[in-house]
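Each chain, letter by letter, is given below.
Protein chains: 2
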Amino acid sequence: MEKPPSSEVKTAAVLVIGDEILSGRTQDTNTNYIARFLGLKGIDLKEARVVGDVQGEIVAALNALRAAYDFVFTTGGIGPTHDDITADAVAAAFGAGIGFHPEAYALLEARYGKAGFNPMRQRMARIPHGAALIENRVSAAPGFQIGNVFVLAGVPAIARAMLETLVLPQGPKVHAVTITAPIAEGRVAERLAAIQKDQPETAIGSYPFYTADGAFGVQLVVRGRDDGAVQAAAAAIEAHLRGFGVAAQRVI
Amino acid sequence: MEKPPSSEVKTAAVLVIGDEILSGRTQDTNTNYIARFLGLKGIDLKEARVVGDVQGEIVAALNALRAAYDFVFTTGGIGPTHDDITADAVAAAFGAGIGFHPEAYALLEARYGKAGFNPMRQRMARIPHGAALIENRVSAAPGFQIGNVFVLAGVPAIARAMLETLVLPQGPKVHAVTITAPIAEGRVAERLAAIQKDQPETAIGSYPFYTADGAFGVQLVVRGRDDGAVQAAAAAIEAHLRGFGVAAQRVI
Numbered sequence: 186m187e188k189p190p191s192s193e194v195k196t197a198a199v200l201v202i203g204d205e206i207l208s209g210r211t212q213d214t215n216t217n218y219i220a221r222f223l224g225l226k227g228i229d230l231k232e233a234r235v236v237g238d239v240q241g242e243i244v245a246a247l248n249a250l251r252a253a254y255d256f257v258f259t260t261g262g263i264g265p266t267h268d269d270i271t272a273d274a275v276a277a278a279f280g281a282g283i284g285f286h287p288e289a290y291a292l293l294e295a296r297y298g299k300a301g302f303n304p305m306r307q308r309m310a311r312i313p314h315g316a317a318l319i320e321n322r323v324s325a326a327p328g329f330q331i332g333n334v335f336v337l338a339g340v341p342a343i344a345r346a347m348l349e350t351l352v353l354p355q356g357p358k359v360h361a362v363t364i365t366a367p368i369a370e371g372r373v374a375e376r377l378a379a380i381q382k383d384q385p386e387t388a389i390g391s392y393p394f395y396t397a398d399g400a401f402g403v404q405l406v407v408r409g410r411d412d413g414a415v416q417a418a419a420a421a422i423e424a425h426l427r428g429f430g431v432a433a434q435r436v437i
Numbered sequence: 186m187e188k189p190p191s192s193e194v195k196t197a198a199v200l201v202i203g204d205e206i207l208s209g210r211t212q213d214t215n216t217n218y219i220a221r222f223l224g225l226k227g228i229d230l231k232e233a234r235v236v237g238d239v240q241g242e243i244v245a246a247l248n249a250l251r252a253a254y255d256f257v258f259t260t261g262g263i264g265p266t267h268d269d270i271t272a273d274a275v276a277a278a279f280g281a282g283i284g285f286h287p288e289a290y291a292l293l294e295a296r297y298g299k300a301g302f303n304p305m306r307q308r309m310a311r312i313p314h315g316a317a318l319i320e321n322r323v324s325a326a327p328g329f330q331i332g333n334v335f336v337l338a339g340v341p342a343i344a345r346a347m348l349e350t351l352v353l354p355q356g357p358k359v360h361a362v363t364i365t366a367p368i369a370e371g372r373v374a375e376r377l378a379a380i381q382k383d384q385p386e387t388a389i390g391s392y393p394f395y396t397a398d399g400a401f402g403v404q405l406v407v408r409g410r411d412d413g414a415v416q417a418a419a420a421a422i423e424a425h426l427r428g429f430g431v432a433a434q435r436v437i
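Protein sequence lines, in the order shown, are assigned to chains A and B.
Note that the numbering used here has the first sequence beginning at 186, numbered continuously upward.
Note that the numbering used here has the second sequence beginning at 186, numbered continuously upward.
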């Protein structure tokens with residue numbers, strides 16, 4: 186295949202792995218962090234999924250996502266305990282073997298010491314064949330990349346540190362303007378639809394909010410890769426809001 | 186089909202709809218809330234997905250999830266603006282028509298008044314044929330149920346109020362014990378795996394944590410529908426932790 190030009194927009198998905206998300210024990214924050222990280226890279230996050238610690242479900246979701254998008258980022262399931270089955274599931278999804286990765290084994294052994302490097306901790310050195318390690322500057326146990334899949338830890342601080350080490354292509358920048366105004370979205374919706382039609386290269390989102398003291402309003406978000414179109418849509422929205430005499434503000 | 190016995194475990198999925206989640210603008214909290222809500226109902230949340238405001242993607246995800254699970258809960262995309270396309274997408278997924286629902290139309294007209302009930306606000310009264318309304322005690326615009334799919338608002342306070350109005354079957358209760366201890370999970374992992382094997386009716390999860398002041402530890406969670414098995418596994422874990430002389434505590 187030809188190498189794509191840098192102006193090509195790459196797509197991505199997130200696959201969160203862990204019973205603790207589906208039981209409600211843990212509020213996932215990795216998806217939001219990865220979404221903002223990819224936004225700065227000009228990569229479009231198109232889908233996210235959460236599955237439990239069940240190999241068949243991880244394999245099915247991963248195979249669907251890696252076929253549909255340029256990149257997949259998984260979080261969770263790469264620790265030392267019996268419920269950490271991500272590496273095996275990823276290997277199964279790729280039809281790859283799995284075994285001790287010499288570099289991962291050596292760095293974990295150095296961290297825990299020969300006496301502390303017990304068989305369960307050794308599990309963290311089991312990496313699918315053909316994968317490249319992703320450095321973990323927080324707690325040593327590495328993530329890995331195989332094909333278009335990046336396997337990250339579930340602990341947010343570690344997932345974030347791993348993301349920072351990745352070399353991803355810089356895609357075309359997404360420009361965004363957010364305008365907030367104390368007005369019901371239903372009053373501006375008709376004009377908003379017309380502005381969206383006028384500026385089809387942008388995506389205009391409308392997000393109502395309600396505060397605890399009974400105030401309400403709307404945040405209008407214009408996003409797109411053509412900054413001229415984004416600014417034109419934002420200016421049209423601001424002009425419309427001025428007609429209502431409400432104080433519209435851009436959110437920095 | 187026969188009516189299932191009340192001891193049958195029902196499954197569910199969440200489908201979050203909205204560009205704002207995938208761009209990172211908004212941290213989704215509805216999935217976590219629904220997860221905990223379903224946990225109390227004894228219903229197992231098995232999967233969650235996030236898709237953007239794109240009809241084809243909503244339809245594909247919804248059709249996959251409603252075929253795989255007993256219930257699907259969607260959030261987002263039922264407001265008055267052009268980017269609110271959930272009702273149309275759900276109708277398309279079911280191959281159902283869509284049009285003004287008389288009751289929804291009447292209650293929205295009453296809320297906004299004849300003069301304020303403009304064509305965009307009228308969109309919120311468009312409900313797929315055959316669907317039943319879900320009451321919105323916060324801002325009037327209803328959700329709806331069609332087949333095994335419950336369509337809720339995206340604004341968390343509204344989504345939560347809608348959930349409270351639903352009549353869902355009470356499934357067999359899930360018992361859970363959480364034990365926290367200031368020890369590295371890798372030190373207890375081998376015994377933990379053995380306890381999991383001894384108590385196959387439970388699911389034991391191990392979640393390491395790190396605090397800002399450099400302390401660390403692990404939360405061990407035992408979940409299951411057989412309370413005897415859950416308590417036996419928890420007691421075995423506590424006995425193991427005592428062997429290390431660390432202060433293990435149950436988290437209430």
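Any given hint could turn out to be false.
Which copy is meant is left open, so a pair is good if it fits within one copy or across any two.
[What the hints assert, rightly or not] Keeping only pairs whose Cα atoms sit at most 20 Å apart, straight-line, the calculated SDA-like set for lysine to any residue is:
| # | residue 1 | residue 2 |
| --- | --- | --- |
| 1 | K299 | A361 |
| 2 | K382 | G284 |
| 3 | K299 | K358 |
| 4 | K195 | A277 |
| 5 | K358 | D411 |
| 6 | K358 | F394 |
| 7 | K231 | T214 |
| 8 | K231 | N248 |
| 9 | K195 | F285 |
| 10 | K231 | A245 |
| 11 | K231 | R408 |
| 12 | K382 | D273 |
What the hints contain is simulated information worked out from the structure, not anything from laboratory work.
Check: Given a CA cutoff of 20 Å, do K382 and G284 count as a within-copy pair, a between-copy pair, both, or neither?
Finding: For K382 and G284, the Cα distance exceeds 20 Å both inside one copy (54 Å) and across copies (23 Å).
Next item on the list: Pop the pair K382 and D273 into one bin, within, between, both or neither, using alpha-carbon distances up to 20 Å.
Entry: For K382 and D273, only the inter-copy Cα distance (19 Å) is at most 20 Å; the intra-copy one is 48 Å.
Margin query: At most 20 Å between alpha carbons: which applies to K231 and A245, within, between, both or neither?
Written below: This pair counts as both: shortest intra-copy Cα distance 18 Å, inter-copy 13 Å.
Notebook entry, point to check: Should K231 paired with R408 be assigned to within, between, both, or neither, using CA atoms and 20 Å as the limit?
Noted result: Within one copy, since 15 Å is at most 20 Å while 33 Å is not.
Next item on the list: State whether the alpha carbon distance between K231 and N248 is at most 20 Å within one copy, between copies, both, or neither.
Entry: both (15 Å within a copy, 18 Å between copies)
Note to self: At most 20 Å between CA atoms: does that hold for K195 and F285 within a copy, between copies, both, or neither?
What the structure shows: neither (32 Å within a copy, 39 Å between copies)
Check: When no copy is specified for K358 and D411, does a C-alpha distance of 20 Å or less occur within a copy, between copies, both, or neither?
Finding: within (9 Å within a copy, 53 Å between copies)
Notebook entry, point to check: For K358 vs F394, is the C-alpha pair at or below 20 Å within one copy, between two copies, both, or neither?
Noted result: neither (28 Å within a copy, 35 Å between copies)
Next item on the list: If the cutoff is 20 Å on CA atoms, where do K299 and K358 land: within, between, both or neither? Let me know, please.
Entry: neither (48 Å within a copy, 44 Å between copies)
Check: 20 Å Cα cut-off: does K195 pair with A277 within a copy, between copies, both or neither?
Finding: Classified as neither: same-chain Cα gap 26 Å, cross-chain 28 Å, threshold 20 Å.
Check: How would you label the pair K299, A361 (within, between, both, or neither) given a Cα cut-off of 20 Å?
Finding: neither (52 Å within a copy, 36 Å between copies)
Note to self: Regarding K231 and T214, is the shortest C-alpha distance of 20 Å or less found within a copy, between copies, in both, or in neither?
What the structure shows: both (17 Å within a copy, 19 Å between copies)
Consistency with the previously given hints fails for numbers 1, 2, 3, 4, 6 and 9, ordered from lowest to highest.
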